[in-house]
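*Asks:* Taking the hints into account, I'd like the entire structure generated from these sequences.
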Amino acid sequence: KKEPPAISVKATEPPKTETAQKKGDGGKIAIISISVFIVLIGLGATSIYLYEKHQTESRVSGWKNNERSNPSNYIRINSATVYGTGYLQCSVFNHSSYTTYSNIEIKITYYDKNDSPIDTEYVTLPNTISPCQTIDINQLIPYHSNKLRSKYIETQIINAHIVSQK
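Residues in the sequence shown are numbered consecutively from 193, following the numbering used here.
One or more hints might be untrue.
Stated by the list, open to error - Restraint-style ranges between C-beta atoms, simulated for each label pair: (1) G236 <-> N330: 53 to 61 Å; (2) I240 <-> N319: 40 to 48 Å; (3) I350 <-> Q325: 14 to 22 Å; (4) N330 <-> I350: 17 to 25 Å; (5) K305 <-> T277: 15 to 23 Å.
To be clear, the hints were calculated from the coordinates, so they are not data collected in a lab. C-beta atoms are modelled at their ideal positions from N, C-alpha and C, and glycine is treated no differently.
*Replies:* See below:
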């Protein structure tokens, strides 16, 4: 029996295939995709932050303008009494958030036992009152005529000067 001649096979490198190339490109694509995703998230978060900041500033600006134009909505007088000698005693509360007021103009109306107005006086309180502050007032009313006939008084804020806003 004769043996077939030996076949010699030369060792070679395996050919580069497209699959190997796609794996290398896939890593680059993944890195680019993740980078774009991170940038988009950053832009979205920045947009939301800027929008919320703008909304807050608009709201605060609106409140400040309202406090500036309507001080009587933010100043309250509690427990007001005018004694026969012409002294006004009361507590004044500034419930604004941003505005300090001074020279608060008050209208005092006196009522008799039949709840009819007897007289009206106007007083300016020179005190300065900061936001969320209460002050006690004990002030002589100039030109006060004796109102001992009055059953009660009613006070109303007419105006106040703006000293500052935070």
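*Asks:* Go through the numbered hints given earlier and state which of them the structure violates, listing their numbers in rising order.
*Replies:* none
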